[in-house]
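Colleague: Chain by chain, the residues:
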Amino acid sequence: MSVKLTVSAVAIAAIAATSAAARDQVQVAGSSTVLPYASIVAEAFGENFDFPTPVVESGGSSAGLKRFCEGVGENTIDIANASRKIKDKEVKACAEAGVTDIIEVRIGYDGIVFASDINGESFEFTPSDWFLALSDTVLVDGEIVPNTNATWADVNPAFPAQPLAAYVPGTKHGTREVFEDKVILAGCEATGAFDVIKAANGGDKKAAEKACIALRTDGVSVDIDGDYTETLASIESNKDGVGVFGLAFYENNTDKLQVATMSGIVPSTESIATGEYPVSRPLYFYIKKAHIGVIPGVKEYAEFFVADEIAGEDGPLAAYGLVSDPELADTQEAVADEAVLGANM
Amino acid sequence: MTDASMPENAVKTSIHTLDARTKKRNAAETRFKAYGIAAIAAGLMMLVVLVTTIVGNGFGAFQQTFITLDVELVEKKLDKKGNRDIADIKKVSTFGYAPLLRTAFVTKVDELGIETDLKSKSMSALLSKSAPAQMRDFVLEDVSRIGQTVEFTFLANSRIDGYLKGRVTRESIANDKNVSVEQLDFVDQMVEVGVIEKRFNIDFIIGADASDQRPEAAGIGVAMAGSFFMMLVVLCLALPIGVAASIYLEEFAPKNWLTDVIEVNISNLAAVPSIVFGILGLAVFINYMHLPQSAPLVGGLVLTLMTLPTIIISTRASLKAVPPSIRDAALGLGASKMQSVFHHVLPLAAPGILTGTIIGLAQALGETAPLLLIGMIGFIASNPPDSLASGLLDPNSAMPAQIYEWAKRADPAFYERAWGGIIILLVFLVTMNTVAVILRRRFERRW
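First to last, the protein sequences are chains A and B. The numbering of the first sequence is the working numbering, which starts it at 1 and goes up by one. The numbering of the second sequence is the working numbering, which starts it at 1001 and goes up by one.
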């Protein structure tokens, strides 16, 4: 008994000791899209520097930025990964918690692809098809009516009569926003529904956009809150399903998935880099300037991340599926100068 | 009261012949037994399916494909100034080591007289991305090794590994840009001469996690250490606190409404979902007490909260099972209340307490949900802890968290490792439960 009590006393002493000890590894959290890239960089960083390997957690862009904005100090994260730009609302929330100087780093671009089971039908989509398939309301003979399309053939006669089933990222994912903006909204405008909705709302553009991106709730469109593996599992169990994936995920699972073209363009790092493939978005990470110099390795990690040998065209990130940023040199300079958000606006 | 008389038309029956009613009752009994056997059979079948699936999917993780190469550690590339200054040599990153591998492949192919059209770049792509780091570590360990030609055993890329294990086939890579049919042909040639071979991979059991690009290098060892330190914290805190609380409640505390309330609440706590303890841990240990994130210490504290009710309930049950005559005899011989408890009751209750503790620990070992919230799930590839303090405080993962993390990664090779991790976790759980059963069998006394 007394031995155990001594050991527990040691444990309690350890608790007391930690409050004073400084953290010596970089803590990163955020987007699950950025996670594979960040972990590749973290691993190489741990190998090539004397700093310990940074800890990278996922959980989604919004969740990561929320933790990022909790405040400044050792028990808050140093870097937030995001698959979208930080919102003004979030910058404000950050400022209220004392996180004022934020360094924004764009690491490259990611493509969003539409893929279905390898043995199923192949598709050539346009944004209009997705709008007609998933939107809550569609335009029929100049009237806005509830969406009753049940098969892909209803959406576009060129498609097979396969039942509609789509697995789209849940609202906590940055991917969802890109999907809404570049596919559903684009489709809404292309089918002419946008103008009709706008007119019905008295010319209110914001309200029209909101109405456009409302997805149907009758089970045809399924929100996936987990990772792409969950989307893949859904498609494996429902062979008629079509899912939304990141390009890198698709490239690792080409034996199970076939990719659909969007507006006639096959997604690839090349077609995304040239901007031909329409559905892509920039990936970012955000650094707390206050942590540079306090937590060892924060700046070195950021500089290493955007270095040519990592984020460049021949680097490991591009090999994994990241579309490298043509303006990488500017980003490197910004990181070296610790240029904070809003300083040059 | 009248005399009971036999009905006139009653049929005389013998107890040796079964009447319809008895037959019906017997049939009901037989049916019920059949249901029971069916239920057990269904349960066993599910167990068999579960075990075969796990072993079938996970067995591959314990084997890995290796490539043996002689690499010349060229001085011109690794130490340009030639003064063997460790600071200068450290400046050569893993990217600087990669070209050496290409040369090594070309030398090997010439030496063995293998004919291939592959470029040296496609050959070195067969290797794991961890190969340059392996060489760099080797050189930094002793800089005088620069200039020598050393035989290295490198891990093969996960696609090549999958090819040797039958997961990747020539058909399945039709759209895969990471590996080509020519490369697989080359692999076949290399396998024939024994340069590429599949063998047992100890690194899976003792190694650390690896990034998405190199599933072949990922191991569960560091996460296992994380789980070990968490269990240490749980054992050191939950056992003394739990036992002390139950002894007081069972032997000393007055029976009144307050102790009743405490008792009910302990039982309720045992049923609280574990994620609740995770949120509590985040709020109290990390945000309020400023303990480090992702540390096994915090994980251990959270799991302690979760395990305490289990330990208290089982300890109280085993204390209750000690007959009052033992206490009365001790008290009658002049022992104080405390002496009677610690000298007589507690030793007799010990097997039950240990069993409860081990089962509580086994539960805590398999717990994932609370670890989500305290930062123990993610890419955490730290080195194996070298001391008690670093084990408790350095960021680490835990076995179930690591399995979860692997299962959600894109590369299918991680999936195999997730199953392999499950095998290891199950071995631990089965061992712990067996120990609990043996302890109970050996030391339990019945009155």
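Read the hints as simulated data drawn from the structure, not as lab findings. Note that the structure is a prediction, hence the values are computed from the model and not measured. C-beta: ideal position from N, C-alpha, C; glycine also. Treat the hints with caution; some may be incorrect.
[To be verified] Here's a subset of chain A near chain B, in silico, CB distances under 7 angstroms, partners left out:
#1 GLU43
#2 VAL56
#3 ASN119
#4 THR229
#5 GLU236
#6 ASN238
#7 LYS239
#8 PHE249
#9 ALA307
#10 ASP308
#11 GLU309
Colleague: Which hint numbers does the structure go against, in order from smallest to largest?
Modeller: Of the numbered hints given earlier, those the structure breaks are 3, 5, 6, 7, 9 and 10, listed in rising order.
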